[in-house]
Amino acid sequence: MWSSTLVLAASLAGFFEVASLPLPGPHADSFLVDLQGDGLADLGILDGQQLLFYEQVMEKAALQIALPEKTTAIDIIDLDNDGWCEVLVVAGNAVRSTTLLAQPPYQWQTLFECGSDFAALTSAPFLHVLAVSHQDTLVLALPTERGIELRALGGELMETYAFGSEAGTRITYGRPFIAWGVHPSELGGPEALEFRINRVSASKPDLPEDLILDDSTMMRSNPVNLQRAQLANVKPPEKWPLFPLTPAAGQQIHAAIAVSEGIHPLTLVSTLMEDPAAVVSEKPSIADKPGPIRRYPGVPLFTENWPDFDGDGYYDLLLWRIRDLQPTLNRVTSALLDGRWPVRLTAHLFTPAKERFASAIVAQIDTTIPTEWLLSAYNGLPLRHLVVHDIDGDKRSDLAFSNGPNTFNVFICNSDGILPAKPSFTRDFEEEIAELTFVQDLNGDGKASIGLKGSTQFFILNPARAAVEVDGLAPILPALAP
Amino acid sequence: MITAVLILSLLAAPWAGDALPALRVGPPRPIGGVPVPNWRNEDIDADGKRDLVFLDHAVLQREGRFPEARIALPDQPGAIALDTWEGSLYLRSLHRLEVYRWNGAAWEPTFTQDFTWPDFDAAYELGAGLRRQGALRFETFLADLDKDNYPEMVVADRNAVHCFRRTENAFLKVGEWALYPPLQLTMTSSRALWPPQARRVMLPVRQMACTVLLEAGQIAVLHRETQGEGDCFVRNSFALTRDVNSGNFALTPGTPERSELVPEHVKPARLNSDSILDFAGGRWELSMTTPLPTPIFETWASVDGGKSFTVKRATSLQSFRPHCSFIDFDNDGFSDLVTEGVAWSGGPRETLNRMLMATQIAHVIRVYRQREGGFNEEPDYTAQVEVDLAYPIVRGGPRLLQYQAGELVNITGDFNGDGLRDLCVRTVETTVEITPTVREDGVLRPAWESRETVPGLNAQDTLRVADVDQDGQSDLIFQTASPGAETPDAVTRVLFNMQKDR
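Going down the list, the protein sequences come from chains A and B.
Our numbering puts the first residue of the first sequence at 1, with every later residue one more than the last.
Our numbering puts the first residue of the second sequence at 1, with every later residue one more than the last.
With the rest of the complex left out, here is chain B:
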């Protein structure tokens, strides 16, 4: 099927749209702002441009657009995992690894190896029946751990992390690392001891949950540990070295690190590039210090291993969820803290009147930049926008639900590639406004004078922001709500910024 090319006449000049029906992207992650796409960007035709690889087809990039027909991926009925590496497709099936490369006309197999994956059957025997039948998905299992420009393959099973190194003819196992924390009982809440009929033998459920991170010559295993009246996080790190003769990797354990006890509503995060464990999260509070009970969203962050927390509070609507609370707003390598809320003005009566009558809501975004050791006390960037909800707040409606889900305002995109995140707001149902961020005399501000309007959204579309073509400039995605029933009027479209040097 030839991908339709839509030039939307209503668009402002720099924006051009391609219909990409298969493309879906999730909301931005609350920490980092990266959305989760259903494709991989990979330069499969070696033209220097990163193409789109979906699970069943690929679309080539041509001059910042995707106008050509879909290229079907190799037919691999038993494949369960797909990863990409330097233009090649790595397909794992139940007992085989196959690598393909696009030769300009067809997919050419470049490597095949029969494989018995570690503890594979045990790992997938239950709960994964669909995958046995070839439910393919993207998995990340390739990384160049020894920096020799060839990827190692890393696979985790229930007992260990296994590493395979590419030789000329085969992937050979060069490491098996049993790094996981032990299983522990999970059901440790108190049980009834009386009356006698309530006494039961408890079903022991034992669980282990951890994160394994392979990076820059080391492996770290992070897990939560309950300690009396709270939880902390434990990080066990191991230096990773490769023996030149055998090719095997060896692990040298470091000193385990244990964080302070941290609140339940925060989780480990990477807010800067230092080696100290960071924490981030948020929670709702109901403020009673004002005449009206006011929902407050608190954003929490620690960049010192949980010893101290920065807490920023924003007045919000009930059930509002910020779309992204931590993002590197100015491209300095530090994740900055973002709060979102409502700008109520006037007394309680005026506030109530607005909730009963007004169809617009004043939304405020504040960015607190991270510096060495913490976050700035005062916001470095503040923007206030009016968002149309179609109905008064008290009447609800789909726009209010979209607003509460954080889908109408987005601060994660950099639409002009200047390194500063820009403000993108779906001000009314069918229109998006993009306001670039500028730095003047070291001060960040929204450049309202350069605000740009992009029409063309369908009412039922979801607005997403992602750099689909990987050109360093974010693109707008008008994502249809019903991908299974697409019509020319209701299909996911990507609007690319064609004016590269704005």
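Same shape as in the complex, but just chain A:
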């Protein structure tokens, strides 16, 4: 029996309602899915061999489905166009499905059997897009040794798109084969011959236009990060890592960034324009020479998304630094023994007319973090579960982060692009936040919900709505209603 709680964050400036859902197991993973085709996201939880589904702001698992043995890939999609999702799995050689409209225990129907790469896997089940629309028909895309096979729901092979050496487009993923000798041998004696063998098979298949390939794994990710920026510090700006200052492709302005090391690091920025005539490639071709180097106290918060606080279409600069600039023995001892370390976040808006970040600080947030976070900061990022996202739907970036194991803060930007000094919303959860699981607009209203995973519960921060049902159970799926 899944216990649950629903908590209204009425006292928290009304920004979020916080729902908590029990976490069935330590390895459970959450995902979003639209079970009823109503455009509203529901929450799914994959916990080993079982699936759980919660409707929005639901307090108990509406559906609980045991997966067939040998299940590897799982998809959830409306296969029969009745408005309700089916669960589709590959279990060994069998492709099986069950409808969510049925009453438990759910019966699994075998659609067809065929060999695929999924059959050989021994890994735990994972979510995977199996069903895709091709020529207005829902088909299953299965990877096999021959290529990506498109099969009708009845199993008939429709087409095969090779992705090996026969692929039409010669874009490969890594080196197809490497064998090298280890000398002297690590696993054998002095006279042993030891080879390391690595074989990769993947090339981009020539898929029809209506099938979009997720080739993100083929992209060579080379983001600007702290290490690269620090290494760049001893080089001229022409060799600093570049960061585009607008999300749009094409002619755009870039920031070349370096970070000095030491107790009081500086972020060094020089802006420059991309050559619009150059062939689009991984590394932009720069038309002009770097502009003057400008220095900003602190280290950038290197995140997946850079902020645009004022919504002008240009990214802004968000920096952090240790608040006490003179680390005397007394201050350091006090901070360490207290277990908290003071840090300061500062924001500088980009000024397009001047092609630079303004030297003026438009927002300053003083906070403290656990000292151990400072020591174990990944990519120099002392805050955890950092969110840079338009949370309130006003097209301006907002900020959210944990500054303690159980704490989550949200800072909503005002119309001038200024972050408040104090959090717009803060919440101390009853357990440590282990993971930020999603930041997603769940109902199409432009406002983002935030999913957090604790040790025993999922927490979902939903933007406050006019009416929230708090008495009794929230409505559950019609199929389960008495």
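Don't read these hints as lab results, they were simulated from the structure.
From the three backbone atoms N, C-alpha and C, an ideal C-beta is built for every residue, glycine too.
Nothing false has been slipped in among the hints.
Here are the computed lysine to any residue pairs in the SDA-like style, where the Cα-Cα straight-line distance is at most 25 Å: (1) K70/A <-> S190/B; (2) K235/A <-> P297/A; (3) K70/A <-> P263/B; (4) K447/A <-> V18/A; (5) K267/B <-> H27/A; (6) K70/A <-> G115/A.
What the simulated footprint calls covered on chain B by chain A, stretch by stretch (three residues with Cβ under 8 Å from a Cβ of chain A suffice, anywhere in the stretch; the number is not a length): (7) 152 to 165; (8) 384 to 396.
Derived contacts from chain B toward chain A, CB cut-off under 7 Å, selection only: (9) E139; (10) A143; (11) R200; (12) V205; (13) Q207; (14) R270.
Assemble chain B onto chain A, guided by the hints.
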């Protein structure tokens, strides 16, 4: 070019230095402590001394030194792989194998065979364009599998391991073994199913990674296997026998072995000579049990196939990486477990004061010997040294980076050839201290009274330890940081221990 001979007047008497500009050696491997050199030791002039063979030249050894001019290797523009065997050079090019021997005056071709290497073009068609143009490198492809004193040649391609046996006139194929585990999908992490625009056909990437080990009449193939909530390692072994009549090798499969599920931070290792798969590795933890959060490096080892692990913890500096965690410290055939860390003393305030003010750090090395079935609970060897960092820890600096990279302290060398590893520390920027290890009443200890100082390092040099002349005594390598811009003052030098019976 005549190799310059440098007798460094500042050196203590037993050390003599040769400038070897081309010589480079990497840091010691974390398991085993063997550094990866850019040369091979081979006795090419049959004088009983092992010479240095680089990719483009060789240098002969004379009385424990390398004073003579470079000998250019045979010019083979298309060569891609070089291996050595009993004084001969085996050069593989795209479609040929050539063997050369030094006759005292020139390289003499002793064997030539046109070759179509198995699946060669397929193997090298992509990602190896440079090698097509003759980017030569060392590869190990020779081994005497049948103990007839002639080497077999072993080449791996994408489908199989191929074996060629030397006859009087040619290498003939005597084995083709398709032993690799099958390709498996690699991208098995969950993907977004919603919103609809996030639904994409996944590019299937299939991968296979394994280790093939040929040793003592058998072949073993080792690979990682994901099982539900963890990974294990699978070892498939095959007995290797040669048919006397046909000369072909035959494989007899053994029973596959599957390890326990093992943590991600360990990998297969050979920690002793038994047939059980060992595992070794390490990871960082942040200890919160002390008043100050303390970085801890945990060293993990299993000698029972992953059933149980020995874990030793050492307090360290943030980002410190031990230079070597497993080495046969006392030459008994068992790899021993080494921990390195910082000796903090006093309370939190004293510790902080040192981090803010002190330019030296107290570095502690502990060695836990391996015995039958495990490692000793208490350290069998402990040494503490003061290392100068030039600046307080909080200010950083290049010396701190060298320290964190494990380049200032080295326990892998045996400088007096007694079978015990000795302690080598770059105490200050330009000076190395060597402290031999002694065994007294069965107890291992650093012999501080016999500590020896070797000056002469350039500030920007990297200190390496390797037995360059293969005399059983480790040598010091002062490796220049910029090999492309060498000057007489900035060139890689090797300091050989000339006092053989210390």
